[in-house]
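Engineer: Go by the hints and put chain E onto chain X.
For reference, the chains in residue letters:
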Amino acid sequence: MGKFYIDDQEVNFEPGQNVLQAALKAGINAPYFCYHEALGSAGACRMCTMELEPTKEGENSRLVVTCLQAAQDGQRYRLNKGIGDHVRQGVVEYYMTRHPHDCPVCDEAGDCQLQDMTILSHHTYRRFKGAKRTYMDQPMGPLIYNTANRCITCYRCTRFYQDYALGDDFGVYASGNRTTFRRSEEGHFDSPFSGNLIDVCPTGTFTDKVFRRKFSRTWQLEKNESICGHCSVGCHTEPGGRDNSLRRVHPFPNTKVNAHFICDRGRFGEHFSEANDRPLSAQINGVVVDNQKALDHIKDILTKSAGRIGILSSPDEDVSCHYALANIAEHFNGLFSPFVMPQTEDRTAAALALSRNTPSLTDIETADGAIIVGALTETAPMMDLAVRQLIKAGKTVHMLHASPTLLADIVRKQHPDQIHQAAPKNWAQIISSFDASHEAEEMGPNLFANLDTGKRIIILGVAVEMDIASMHALHDLCQAFENKQLTVQLGFALNGANATGSAMISAQYPSKQLLDAVRKKEIDTLMVCGADPFGFGAADWLPAREHIKQLIVFDNVNSPTLQIADVILPHATWSERRGISINYEGRIQGFNHAYQRAGTLTAVNLATALIGISANNFYEQQHNNIETLTGLNELHYNGCQCLNLHTQFEGRAEANQVSIDTNKDSVQVVRLTWHGGSNKASYATALASIKPWKDNIIYLHPDTAKRLQLNAETKLKLGNPTNANDNPINRSGMDQAFPIILNDNVAVDCLALTRTTLHHVGHLVNAIIPIDKLSIIAKEG
Amino acid sequence: MFTPDELTHLKQHVNHYPEPRAGAIYCLYAVQDKVGHINDKGIEIVTELTGLSKTQQEELISFYTLLRRRPIGRNVLRICDSISCHVMGSKAILDAAIKQTGVPIGEISKDGSVTVLPSICLGLCNKAPAALLNEMDEVENLNVHSINEYLNKLSEKPHDLNNKGSGSNIIATSGRENNS
Numbered sequence: 001m002g003k004f005y006i007d008d009q010e011v012n013f014e015p016g017q018n019v020l021q022a023a024l025k026a027g028i029n030a031p032y033f034c035y036h037e038a039l040g041s042a043g044a045c046r047m048c049t050m051e052l053e054p055t056k057e058g059e060n061s062r063l064v065v066t067c068l069q070a071a072q073d074g075q076r077y078r079l080n081k082g083i084g085d086h087v088r089q090g091v092v093e094y095y096m097t098r099h100p101h102d103c104p105v106c107d108e109a110g111d112c113q114l115q116d117m118t119i120l121s122h123h124t125y126r127r128f129k130g131a132k133r134t135y136m137d138q139p140m141g142p143l144i145y146n147t148a149n150r151c152i153t154c155y156r157c158t159r160f161y162q163d164y165a166l167g168d169d170f171g172v173y174a175s176g177n178r179t180t181f182r183r184s185e186e187g188h189f190d191s192p193f194s195g196n197l198i199d200v201c202p203t204g205t206f207t208d209k210v211f212r213r214k215f216s217r218t219w220q221l222e223k224n225e226s227i228c229g230h231c232s233v234g235c236h237t238e239p240g241g242r243d244n245s246l247r248r249v250h251p252f253p254n255t256k257v258n259a260h261f262i263c264d265r266g267r268f269g270e271h272f273s274e275a276n277d278r279p280l281s282a283q284i285n286g287v288v289v290d291n292q293k294a295l296d297h298i299k300d301i302l303t304k305s306a307g308r309i310g311i312l313s314s315p316d317e318d319v320s321c322h323y324a325l326a327n328i329a330e331h332f333n334g335l336f337s338p339f340v341m342p343q344t345e346d347r348t349a350a351a352l353a354l355s356r357n358t359p360s361l362t363d364i365e366t367a368d369g370a371i372i373v374g375a376l377t378e379t380a381p382m383m384d385l386a387v388r389q390l391i392k393a394g395k396t397v398h399m400l401h402a403s404p405t406l407l408a409d410i411v412r413k414q415h416p417d418q419i420h421q422a423a424p425k426n427w428a429q430i431i432s433s434f435d436a437s438h439e440a441e442e443m444g445p446n447l448f449a450n451l452d453t454g455k456r457i458i459i460l461g462v463a464v465e466m467d468i469a470s471m472h473a474l475h476d477l478c479q480a481f482e483n484k485q486l487t488v489q490l491g492f493a494l495n496g497a498n499a500t501g502s503a504m505i506s507a508q509y510p511s512k513q514l515l516d517a518v519r520k521k522e523i524d525t526l527m528v529c530g531a532d533p534f535g536f537g538a539a540d541w542l543p544a545r546e547h548i549k550q551l552i553v554f555d556n557v558n559s560p561t562l563q564i565a566d567v568i569l570p571h572a573t574w575s576e577r578r579g580i581s582i583n584y585e586g587r588i589q590g591f592n593h594a595y596q597r598a599g600t601l602t603a604v605n606l607a608t609a610l611i612g613i614s615a616n617n618f619y620e621q622q623h624n625n626i627e628t629l630t631g632l633n634e635l636h637y638n639g640c641q642c643l644n645l646h647t648q649f650e651g652r653a654e655a656n657q658v659s660i661d662t663n664k665d666s667v668q669v670v671r672l673t674w675h676g677g678s679n680k681a682s683y684a685t686a687l688a689s690i691k692p693w694k695d696n697i698i699y700l701h702p703d704t705a706k707r708l709q710l711n712a713e714t715k716l717k718l719g720n721p722t723n724a725n726d727n728p729i730n731r732s733g734m735d736q737a738f739p740i741i742l743n744d745n746v747a748v749d750c751l752a753l754t755r756t757t758l759h760h761v762g763h764l765v766n767a768i769i770p771i772d773k774l775s776i777i778a779k780e781g
Numbered sequence: 001m002f003t004p005d006e007l008t009h010l011k012q013h014v015n016h017y018p019e020p021r022a023g024a025i026y027c028l029y030a031v032q033d034k035v036g037h038i039n040d041k042g043i044e045i046v047t048e049l050t051g052l053s054k055t056q057q058e059e060l061i062s063f064y065t066l067l068r069r070r071p072i073g074r075n076v077l078r079i080c081d082s083i084s085c086h087v088m089g090s091k092a093i094l095d096a097a098i099k100q101t102g103v104p105i106g107e108i109s110k111d112g113s114v115t116v117l118p119s120i121c122l123g124l125c126n127k128a129p130a131a132l133l134n135e136m137d138e139v140e141n142l143n144v145h146s147i148n149e150y151l152n153k154l155s156e157k158p159h160d161l162n163n164k165g166s167g168s169n170i171i172a173t174s175g176r177e178n179n180s
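In order, the protein sequences belong to chains X and E.
Taken in order, the first sequence gives residues 1 to 781; the numbers are from the UniProt record's numbering.
Taken in order, the second sequence gives residues 1 to 180; the numbers are from the UniProt record's numbering.
Bear in mind the hints are in silico, worked out from the structure with no lab data behind them.
Incorrect hints may appear among the rest.
Quick list of the computed label-pair ranges, beta carbon to beta carbon [unchecked claim]:
(1) X/A26 to E/D40: 51 to 57 Å
(2) E/D5 to X/N450: 34 to 40 Å
(3) E/H37 to X/Y94: 42 to 48 Å
(4) E/R21 to X/G27: 48 to 54 Å
(5) X/G110 to E/N148: 53 to 59 Å
(6) X/T487 to E/E135: 56 to 62 Å
Backbone N, C-alpha and C fix where the C-beta goes; we use that ideal spot for every residue, glycine too.
Excised from the complex, chain X in its bound form (with noise of 0.2 Å):
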């Protein structure tokens, strides 16, 4: 800790702070470019330049970067006074005669650091008259739209795109006057990172393509923070909207969730909202009335079959629509469940119940080893971009997966042997072999044996695609750690953003009860909210439909329960409206809605609307419910405050301990997703364009393929499916024989299938099949 002075103002700086960096966080008005809080310093711009002061007395002044100059106490900088203005204008003036000025037509102009540096700078007049360099502009892909000549080569491009998100797709080409920043060939970035590009540019060289065709200015577009609500994480979000509909989203920094950054699925999911067959008007029978009609003929269906009523939510809904359903099921003498599945809600709550010392991202950037479990990119993309930064540094990071993940990609190009491919079933084994303190067999026993006492490692799971098992043998490695003095945090990646409020809920209102309740047919009027029990990966609800007589769907998605609603209920997203959201660390984040979509109801509306409850007394009585809930006095929603996961879900890792089937001669259903692919995000049409894997094909690994005498002339038939209840499920693509593609990242005995064909087939994420189940057909013709 020392000061130091600029313009004679006094600025304290931490040890090995630079000079920039303690002025900017004085809150100096420093100019710069190619310096960023998470990429470092690159000195490639010079536009930190400042004069500092001689020392001793015949010494002159000098000019120093300072985004390259080591902050020392007691050094006094010019940076208005002196001739550092000077030249920081020539600087200006110099990136300006490469630059087309063509700020009127620019996407980024009023967000541009480029025009607010120009302005700080008083270069005013342009004296240059020769010829400008000029390129090409590269197409790339439906989310980012480039202008190479914008360019003013501070690098932050490729210092993001390569150096911090391990991306290997897009680079800086020649040099000098010509240099330019592109990726060798046409079309969308690899990365799930590549939507930073937009917000790390601090010119018009990357724009959003996806707000450039609803563009506004940047000033008339209603802001505020907000929760992502696309995955576990919960980053903070700064969603844009104008006139009833989303534009843009960008990131809204917080150093306790996202420091700097979000996902392509943050920043382009959301725009599921604006989607063409959004519900956007309340429908009964397939005709569209106003709300407060359809909300009236609501209420007469429900006092009517009151007594036989379930409200069927999901953990991608937040807290407080929750609550609002669960009044009004109770209000009715209904039933309540915030999660589709048992299974689901089942993992959930033990995920979260063995969870320790839950890591947030900035502990998952800082660690000194990790192992992870599962599919991570494609389940919590952030929590991949803080393992990358392990990578980065060289620390070990060990992968255990059934499917292709990206991040496994990573792993693999610099250390194959930290990459352990197996099914599922065989995840459990294979844990316990990671300590040497158990009786290690195949693996590598004894991970991070050369790490020293003291030292802290992570260890990440994905939820989704671990049983219970797994996840116990995950908690028992930790205790192996731990008995060699290393420090371990365990958490895990769940499925849907709001997956720990639901289970905290669950714990009230459990989905076995309804489900239950409906196969026996004591409900049935069924109401829906942001679910799909009869579509996409909810095999036990599908048996259930003949049973519903009546269904009212409030969703803001054109899902298939949707197409199939007698009621139906335009739903606001969660930039839309107010909420609270539990992340997977625990942590409590309440958010506004950032802009108003008129026609839109919120579960509180319905509330209000159905049993009554004034907005105000609901959200009383939801803080003193979630006081009592989770024994937390002064309640703030602010994310500074999470939740003991341990105490909170004690005792629910035992339910339903799934005996593992260790059979050799069968096969097991893995998921099949990407980063974009989650249940929202799906909708989302620019994103969705690019999804890497396609619908109705069985990718599988070589090695399976041989075993099972597949090949590109054959087709593969899935047979029956069976639910927890051994009951047969009548789906339409039982009987539909799929081609298959040949896939070295699948491990071996799995047969991964996105979402879409898991439909089709009705097999539920990691149902084992007997291999004399399966059937081979030869391709016609």
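Structural biologist: Chain E only, in chain X's frame:
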């Protein structure tokens, strides 16, 4: 593309660096010596050897002027356009070369004899405007007349299949002696 011996040699070379990517330029040179330029197949091989993606190799190739991604003629003539040659009239020399070959800078002349490229300072400022043929032979004190003559001479020279043309040919000479 490479014989097993050559591949082993390249692997050894890459392995003697702590970071495999450090061996990329050597491998790219090897491809260039073999093919005359760096083609897609060569890039695939270098990816296998060093782990660098196509983009990362293109970054290198576009940065270093002696690595080339496109085919060249039987000869490559680099005409200096840095400051000394510029004041001595190198722009006129380049224009004359374009006229004489009938194709823009960087493309193969119609008879396949030469590719003309501009170059940064060759260190021949005392003999400006200067050029370098096939990275070896100095061409000095050029003027519009002499460049035409020189290019004519190149196109009359018969095509020698044994002469690999430009390039330092590192595998055949220094590379193998120093590293194996």
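Engineer: Now tell me, hint by hint, if it's right for this structure.
Structural biologist: Hint-by-hint comparison with the structure:
1. For the pair X/A26 and E/D40, the beta carbons lie near 52 Å from each other, so the given range of 51 to 57 Å is met.
2. About 37 Å separates the C-beta atoms of E/D5 and X/N450, a value consistent with the hinted range of 34 to 40 Å.
3. Between E/H37 and X/Y94, the C-beta spacing of about 34 Å breaks the proposed range 42 to 48 Å.
4. A beta carbon spacing of about 41 Å between E/R21 and X/G27 contradicts the range 48 to 54 Å that was offered as a hint.
5. Hint check: X/G110 to E/N148, Cβ distance near 56 Å, so the stated range 53 to 59 Å holds.
6. The hinted range of 56 to 62 Å is satisfied by X/T487 and E/E135, whose Cβ atoms lie roughly 58 Å apart.
The structure fails hints 3, 4 (numbered hints given earlier, in ascending order).
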